[in-house]
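*Asks:* Input sequences plus hints: build the corresponding full structure.
Heads up: the sequence lines are chains A and B, in that order. Those letters in the first sequence? Residues 2 to 322, per this note's numbering, in order. Those letters in the second sequence? Residues 32 to 434, per this note's numbering, in order.
Note that these hints are calculated values from the structure, not bench results. Incorrect hints may appear among the rest.
Said to hold, decoys possible - Okay, derived cross-link-like pairs now, EDC-like style, lysine to aspartate or glutamate, Cα gap no bigger than 16 Å in a straight line:
no.	chain 1	residue 1	chain 2	residue 2
1	B	K34	A	E156
2	B	K34	B	D214
3	B	K433	B	D320
4	A	K212	B	E212
5	B	K166	A	D312
6	A	K293	A	E18
7	B	K166	A	E177
8	A	K98	B	E74
9	A	K98	B	D150
Remember, it's a predicted structure, so these values are computed and weren't measured experimentally.
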Amino acid sequence: MYVQAANQISIQNPLSEEWIDAPLTCSDSYCRAQDPDFKPYVSPIEGRRMGKVLKRALAVSLKTLRDTGIEHPDAIITGTGLGSVESTEAFLLDMCKNGEQLLKPTHFMQSTHNTIGSLVAIQTKTHGYNSTYSHKQISFESALYDAFVQLRAGEIGNALVEGHDGTTPSYFRMLELIGYVGNEGQVACSEASMATLISSTPSDSDLCQLKAVKLMHRPSIDDWKNAIARLDLPSDTVVFTGENGHAANDRLYSDVLTALLPDVPTVRYKQWFGECYSASALGFYAAAHLLKAGKLPGNASAALLLTMDLDGDAALTLLAR
Amino acid sequence: MSKRLVITGAGVVSAIGVGKEQNLRALQTMQGGVALVSYLATEHTECRVGEVKLTNGEMMQMLGIAEDTPMVRTSLLGMLALREAVAEAGLSSEDIAESAFINGTTVGGMDMSEQFYLDFISETGAEGAPVHYIKTHDCGSSTDLIADYAGHFAMTTSISTACSSAANAFVLGARMIESGEFDRVVVGGSECLSKFHLNGFNTLMILDQEPCRPLDATRAGLNLGEGAAFLVLESEEAASRRGARVIGVLEGFGNACDAFHQTASSADGEGAFLAMSQALARAGVRPSDVDYVNCHGTGTPNNDPSEIAAMRRVFGNALPPFSSTKGFTGHTTSASGSIEAVFCLLALSHQFLPVSLNWSQPIEPDLIPVTQQTSVPARPIRRILCNAFGFGGNDTSLLFSKS
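*Replies:* This is how it looks when you write it as structure tokens:
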């Protein structure tokens with residue numbers, strides 16, 4: 002399987018790989034994404050009715066399809082931890098503050114998690130398989146796993162796989178209240194939109210290959226050991242970790258790394274992109290582009306993306322040149 | 032399909048009862064569960080809904096969960112259904128440890144979030160607010176609460192495609208087994224009523240204040256419902272290896288996108304047509320081999336004609352018997368795909384056709400759904416197509432057959 006293209010909107014310059022040589026830094030505990038000019042992807046009239054996450058999803062999806070020359074992907078599979086949280090919150094706040102009598106439909110219509118993947122399908126008139134996963138930190142990997150299973154079985158020839166999460170100021174505050182973000186020394190709580198086109202046939206401009214995706218629930222060290230053993234890792238593999246400066250979160254990674262991958266170089270991609278439910282989509286994106294650019298530590302030929310969360314869900318993804 | 036996919040356990044909770052036995056009895060005696068809202072604390076007391084007639088506290092007692100444990104209703108409904116499915120399938124803790132769990136939900140923990148949201152975001156008021164409900168707000172958290180109640184699954188994930196969520200859990204689960212990723216995947220969905228989506232549907236003006244009348248010329252909208260259902264899906268080989276009893280077979284499935292509108296279906300039902308056609312093609316059966324269609328049939332002015340247009344494209348003028356069970360349960364949104372899958376399995380094993388409640392006038396002269404419970408169906412029921420369609424034109428169709 003070949004990763005043909007991948008595009009992002011994040012706290013780095015949007016729809017660009019400038020961060021590889023000149024990453025922007027964010028010293029605040031909360032950082033919104035840098036939005037691009039949406040005009041090439043959505044008309045101003047349509048855009049006015051759409052929440053930010055929807056506009057970003059259209060931009061990264063349409064750019065990825067244009068990059069690859071694919072008009073209608075065989076499948077559109079989306080991962081999102083919270084869906085269009087901006088719309089959900091707008092409807093919820095209106096209801097909580099003003100009661101249940103005078104509510105308006107627009108925000109509700111955009112609040113459903115699969116509004117994002119459906120919008121991409123409606124705009125591109127794509128009737129193929131369409132699904133959306135919402136499973137905390139492994140929402141994106143769940144979507145990727147679905148695509149992987151179907152591509153390997155030959156049920157589809159390509160898939161547009163996406164990861165999207167926005168973070169409103171109040172949602173940031175809520176995540177801060179439960180100690181997930183905003184801790185001393187932790188990366189910024191941020192936003193992420195990413196789309197990638199994965200195909201079973203190679204092209205001239207492929208970023209890398211997708212070798213494996215696996216999801217796990219409360220894995221023991223033995224489970225990790227078995228999962229990693231099955232990957233047949235090249236000796237020059239680099240590990241992309243979701244370490245973010247949150248002590249308990251980082252301990253999850255160090256436990257696995259110390260026990261099973263003690264001498265493997267690591268890349269902490271969240272130093273560039275911050276933390277949100279779809280952060281690992283940007284880890285995937287970064288690994289793919291760094292493989293292509295030959296800019297991994299030691300010019301490594303493979304990147305193992307590890308994702309774990311404090312509630313016990315975990316994923317591993319292997320990309321290789 | 033390359034591997035035969037069998038179902039070895041099923042559990043269901045809906046407005047017509049807790050467990051398959053109560054649901055079966057209500058379906059066969061035509062006793063609906065839709066009534067004026069009484070458990071959900073909403074201003075819309077005029078609304079008719081299909082509530083599960085249990086408080087959260089009562090469910091926690093049934094489940095043996097300490098009453099001070101933070102819980103969301105979606106998860107409690109799911110636990111009751113999962114417990115029944117696991118018991119029927121006879122899964123040991125070792126069996127569960129090598130199984131995957133896929134839950135379809137959209138509401139997740141919104142029932143609690145909507146009670147405390149203003150406290151959570153207030154500059155001063157968050158102190159004393161039950162902030163643990165922030166952790167249970169999202170879909171994935173509801174899923175893991177359900178999964179962990181039954182044991183230690185090897186993997187869990189959540190599908191959120193609105194009203195087709197649970198049906199799409201079958202689609203992923205089936206592909207995971209076919210491709211050899213897992214021998215066994217527990218699939219289904221769970222969704223409680225929330226003020227959030229009750230009001231959302233209300234703003235879309237698709238709620239009927241009267242009992243809903245799916246597939247009827249006078250239909251004027253849907254009644255929302257709540258519930259959960261989970262099914263144990265296995266490769267036939269794995270099921271026979273552990274000597275499990277087979278209660279049904281998943282012969283085919285299809286998912287397609289209508290790609291027409293976020294909250295409306297196309298007039299020609301393109302997405303639904305594609306989904307049903309794929310399910311039949313995958314099973315390698317002809318339309319005439321289908322003995323009954325359990326329609327999505329919400330009772331909204333828009334859904335039913337679109338679904339019928341799609342059925343006409345699949346079946347021509349020789350439509351098999353069809354009905355919608357939404358009059359019994361209300362529209363259980365993300366859970367509807369698996370709740371109605373359980374109804375289809377009950378119909379197959381007990382050889383009856385569920386009726387459309389509240390039906391009186393055909394949409395077109397020849398469109399007469401099943402409305403009477405006969406002691407013996409006109410022809411044996413061997414194969415059932417079960418539809419679940421969601422917002423965003425997310426259309427899924429599942430084909431079940433007898434064991």
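*Asks:* Evaluate each hint against the coordinates.
*Replies:* Quick rundown of the hints versus the structure:
1. B:K34 / A:E156: holds, 15 Å
2. B:K34 / B:D214: Holds, at roughly 10 Å.
3. B:K433 / B:D320: Judged against 16 Å, a Cα distance of about 13 Å means the pair holds.
4. A:K212 / B:E212: holds, 15 Å
5. B:K166 / A:D312: OK: B:K166 and A:D312 at ~10 Å, within 16 Å.
6. A:K293 / A:E18: Holds: A:K293 and A:E18 sit about 12 Å apart, inside 16 Å.
7. B:K166 / A:E177: holds, 11 Å
8. A:K98 / B:E74: holds, 13 Å
9. A:K98 / B:D150: Satisfied, since the Cα-Cα distance of roughly 11 Å is no more than 16 Å.
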